[in-house]
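**Q** Residue numbers (this note's numbering), protein chains in the order written: chain A, 1 to 206; chain B, 1 to 206; chain C, 1 to 206; chain D, 1 to 206.
Each hint should be verified, as a subset may be incorrect.
Beta-carbon label-pair distances, calculated as ranges [to be verified]: (1) Ile7(D) to Gly123(C): 17 to 23 Å; (2) Gln87(D) to Cys106(A): 20 to 26 Å; (3) Pro20(C) to Arg97(A): 49 to 55 Å.
Partner residues are not named here, just some residues of chain A that face chain D (Cβ under 8 Å, in silico) [said to hold, decoys possible]: (4) Leu45; (5) Val50; (6) His52; (7) His80; (8) Phe92.
FYI, nobody ran anything at the bench for these hints, they're computed from the structure.
From the three backbone atoms N, C-alpha and C, an ideal C-beta is built for every residue, glycine too.
Number of protein chains: 4
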Amino acid sequence: MIDLAPIDRAGLAPRWTAAPWLNSAPLELAELRGRVVVLHAFQMLCPGCVMHGLPQAARIHANFDRRDVIVVGLHTVFEHHSAMGPQALEAFVHEYRVPFPVGVDCPGDSTVPTTMAAYEMRGTPTLVLIDRHGRRRAQIFGRPEDLELGAAVQALVAESDRPRPASDCDEQGCLIEAAGPDRVGALRAQPSRPLEPVSTEVIGTG
Amino acid sequence: MIDLAPIDRAGLAPRWTAAPWLNSAPLELAELRGRVVVLHAFQMLCPGCVMHGLPQAARIHANFDRRDVIVVGLHTVFEHHSAMGPQALEAFVHEYRVPFPVGVDCPGDSTVPTTMAAYEMRGTPTLVLIDRHGRRRAQIFGRPEDLELGAAVQALVAESDRPRPASDCDEQGCLIEAAGPDRVGALRAQPSRPLEPVSTEVIGTG
Amino acid sequence: MIDLAPIDRAGLAPRWTAAPWLNSAPLELAELRGRVVVLHAFQMLCPGCVMHGLPQAARIHANFDRRDVIVVGLHTVFEHHSAMGPQALEAFVHEYRVPFPVGVDCPGDSTVPTTMAAYEMRGTPTLVLIDRHGRRRAQIFGRPEDLELGAAVQALVAESDRPRPASDCDEQGCLIEAAGPDRVGALRAQPSRPLEPVSTEVIGTG
Amino acid sequence: MIDLAPIDRAGLAPRWTAAPWLNSAPLELAELRGRVVVLHAFQMLCPGCVMHGLPQAARIHANFDRRDVIVVGLHTVFEHHSAMGPQALEAFVHEYRVPFPVGVDCPGDSTVPTTMAAYEMRGTPTLVLIDRHGRRRAQIFGRPEDLELGAAVQALVAESDRPRPASDCDEQGCLIEAAGPDRVGALRAQPSRPLEPVSTEVIGTG
Numbered sequence: 001m002i003d004l005a006p007i008d009r010a011g012l013a014p015r016w017t018a019a020p021w022l023n024s025a026p027l028e029l030a031e032l033r034g035r036v037v038v039l040h041a042f043q044m045l046c047p048g049c050v051m052h053g054l055p056q057a058a059r060i061h062a063n064f065d066r067r068d069v070i071v072v073g074l075h076t077v078f079e080h081h082s083a084m085g086p087q088a089l090e091a092f093v094h095e096y097r098v099p100f101p102v103g104v105d106c107p108g109d110s111t112v113p114t115t116m117a118a119y120e121m122r123g124t125p126t127l128v129l130i131d132r133h134g135r136r137r138a139q140i141f142g143r144p145e146d147l148e149l150g151a152a153v154q155a156l157v158a159e160s161d162r163p164r165p166a167s168d169c170d171e172q173g174c175l176i177e178a179a180g181p182d183r184v185g186a187l188r189a190q191p192s193r194p195l196e197p198v199s200t201e202v203i204g205t206g
Numbered sequence: 001m002i003d004l005a006p007i008d009r010a011g012l013a014p015r016w017t018a019a020p021w022l023n024s025a026p027l028e029l030a031e032l033r034g035r036v037v038v039l040h041a042f043q044m045l046c047p048g049c050v051m052h053g054l055p056q057a058a059r060i061h062a063n064f065d066r067r068d069v070i071v072v073g074l075h076t077v078f079e080h081h082s083a084m085g086p087q088a089l090e091a092f093v094h095e096y097r098v099p100f101p102v103g104v105d106c107p108g109d110s111t112v113p114t115t116m117a118a119y120e121m122r123g124t125p126t127l128v129l130i131d132r133h134g135r136r137r138a139q140i141f142g143r144p145e146d147l148e149l150g151a152a153v154q155a156l157v158a159e160s161d162r163p164r165p166a167s168d169c170d171e172q173g174c175l176i177e178a179a180g181p182d183r184v185g186a187l188r189a190q191p192s193r194p195l196e197p198v199s200t201e202v203i204g205t206g
Numbered sequence: 001m002i003d004l005a006p007i008d009r010a011g012l013a014p015r016w017t018a019a020p021w022l023n024s025a026p027l028e029l030a031e032l033r034g035r036v037v038v039l040h041a042f043q044m045l046c047p048g049c050v051m052h053g054l055p056q057a058a059r060i061h062a063n064f065d066r067r068d069v070i071v072v073g074l075h076t077v078f079e080h081h082s083a084m085g086p087q088a089l090e091a092f093v094h095e096y097r098v099p100f101p102v103g104v105d106c107p108g109d110s111t112v113p114t115t116m117a118a119y120e121m122r123g124t125p126t127l128v129l130i131d132r133h134g135r136r137r138a139q140i141f142g143r144p145e146d147l148e149l150g151a152a153v154q155a156l157v158a159e160s161d162r163p164r165p166a167s168d169c170d171e172q173g174c175l176i177e178a179a180g181p182d183r184v185g186a187l188r189a190q191p192s193r194p195l196e197p198v199s200t201e202v203i204g205t206g
Numbered sequence: 001m002i003d004l005a006p007i008d009r010a011g012l013a014p015r016w017t018a019a020p021w022l023n024s025a026p027l028e029l030a031e032l033r034g035r036v037v038v039l040h041a042f043q044m045l046c047p048g049c050v051m052h053g054l055p056q057a058a059r060i061h062a063n064f065d066r067r068d069v070i071v072v073g074l075h076t077v078f079e080h081h082s083a084m085g086p087q088a089l090e091a092f093v094h095e096y097r098v099p100f101p102v103g104v105d106c107p108g109d110s111t112v113p114t115t116m117a118a119y120e121m122r123g124t125p126t127l128v129l130i131d132r133h134g135r136r137r138a139q140i141f142g143r144p145e146d147l148e149l150g151a152a153v154q155a156l157v158a159e160s161d162r163p164r165p166a167s168d169c170d171e172q173g174c175l176i177e178a179a180g181p182d183r184v185g186a187l188r189a190q191p192s193r194p195l196e197p198v199s200t201e202v203i204g205t206g
């Protein structure tokens, strides 16, 4: 089983810094407060990510209610940078029908991008489980089994001490909870650019 | 996702009637009160059971703490009776290294055995999820995904309203909680026959 | 790749002794002269046979023209004899939809049956490749890859030195070549008992 | 089974036009005369190629003697051109450990590259089987089974009418047959650039 860090020992998950975003308007970790966040760090040319990590993340996306769980992809390129730019990623996300929001981790001081460095990830694929309060409860490098991962995510979903959701309205617009789970990635209206629809297609659950 | 019946609508799971038992002394549903019970009904010559159901049940057995979850196999033969007698089952359980307790559903009035009839199962494999209070919360015919099954079992594990465990002692002997999770199948001392150890080997999690 | 024994070093495959037969009238190796014979030795309670060997043998049966290649199953029980009698095997063959002829290897002096002993097999599953002249060209214990197995069988099919087929007529009846490849297992008319049709269903090629 | 075109009806496979080459000096179809050529057309962002086609081609590369069979990859990009340039392909070939020579199909008049157009391929993955005389005997779009593919390649290997190998020497240099099967991709010495070694690593044969 995946060991979840006890609540009183878990620190807040670092803020992520990512741009641009695919399948979604820009997402901030803080605005997802109230939901369990499954952060999947991958590279589009990493075989373990393509064969295992992304299909598994898509199964989480497909199986949990999006009011409880949101899956966020993070493209953490630390090698072959020129082959994995945003345009290449966009083609990849389209061809592989990645169904959840994906942000591109911002370049850092070294070859390792900033969020990947802040989370001290060892490589890709890495899966981070963040509870409804924004605390990092598990970080897994490699290939967890579906059964234990389903149980770990559900354990976080079921924790009874639920925070108030992040503010529904701010100067940017208002969170439309009633829009339902399929629209989570596009919840916050962006005045300056049109929203891309969030695809609900799923990879590899056959 | 697997829909769990709401607590106030779920009835108690029927008592099972099974003999003999492999990998364990005889088990009664009532004495497992306090734990989530995953009841896996199978036939040893059912391809869907052999290829999918039993390996999945073994993964549940391997991944959850046995103080929380106990997997129980039930051999519900409703066809080819002469080919699937207790001796054949014993060879099967040995060769396939089934790691959890298995009881043989008692013959009934028709070709369908008694427990299978009491649960109104449609065929094999069938998986029944029973909560800590003995209530039947889900019954699944076929092949659920590992991810949703892990989540459903964990949802039952996490329910906060826990019953008092079944009585530790009775005229048969005493429940040795301290014996630890690997011995669950042999918890209740049986004066009349030696206990077979519960194997902790796991099928098909490679 | 599977190494085929050179023609000048390969001995004749031993005669098999098997009864009863399922999916076919009794078959003799000698009467299959002119075809490549793929002999698959298995036990119905051997996990490696059920998960890998039999589905692979069924794929050979489905993919090659039966005028060139005939797949023959041989039930070589060397353990748990009472659980794997002919009646149990019949249920197994039915439930797993084994599509080719299966003979039951005759009991021998030890726990190992006679044909298994004559071939000096190490265990199950074992695959024996026999050329059009009846010579044993390869014997493989375990799990060959489909790609190399397809190539090895085809290599035998393509050998140019073809023998005259076994005699078309004898005191039992006549071989009806025109009956076509789907009837190979029932080619030789048996006056004393009705023929069971050879199923052409295939396991696990999906 | 894969139907091979009869010899007297099969036309010569069109010449391919590709540059640059990875894992090999430039290869011409004509200089491979005498060997069976398995041409695998793929795109690095095509899921069916990555999940199935390339691992299967690598298994052919691993299982057949390179004096008989040479696997050649052809990167036939007809969409997302900017994401699949030669540099991106090089990273892909490195990360996925593609073990055989790969040429980049030259841009054509439309979005479809020249060789892909000359072969009238319908999409990717496409596998072309070319016999020892350079005749196109099969062209398969999609996912053939390993068993039938192994048989089809072996059928071409076994055809007895073998041509004289392509000329050993020309103005560029000399073919070093003695260098053995692992060096096939680098057979023709190139005076102007150092040869990259041909990796013999294999994808996905586990």
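**Q** Run every hint past the structure and note whether it holds.
**A** Structure-based check of each hint:
The hinted range of 17 to 23 Å is not satisfied by Ile7(D) and Gly123(C), whose Cβ atoms lie roughly 43 Å apart. For the hinted restraint 20 to 26 Å between Gln87(D) and Cys106(A), the CB-CB distance of approximately 22 Å keeps it satisfied. For Pro20(C) paired with Arg97(A), a C-beta distance near 52 Å keeps the hint of 49 to 55 Å intact. At its closest, the beta carbon of Leu45(A) sits 5 Å from a beta carbon of chain D; the interface hint therefore holds under the 8 Å criterion.
Annotation: Val50(A) was flagged as interfacial toward chain D, and the flag holds, the nearest CB pair being 6 Å apart, inside 8 Å. At a threshold of 8 Å, the smallest CB-CB gap from His52(A) to chain D is about 11 Å, leaving the interface hint violated. A distance limit of 8 Å between C-beta atoms decides the matter here; for His80(A) the minimum to chain D is near 4 Å, and the interface restraint holds. Contact between Phe92(A) and chain D, as hinted, is supported at the beta carbon level, the nearest pair being about 6 Å apart and thus within 8 Å.
Violation of the numbered hints given earlier is confined to hints 1, 6; the remaining hints are satisfied by the structure.
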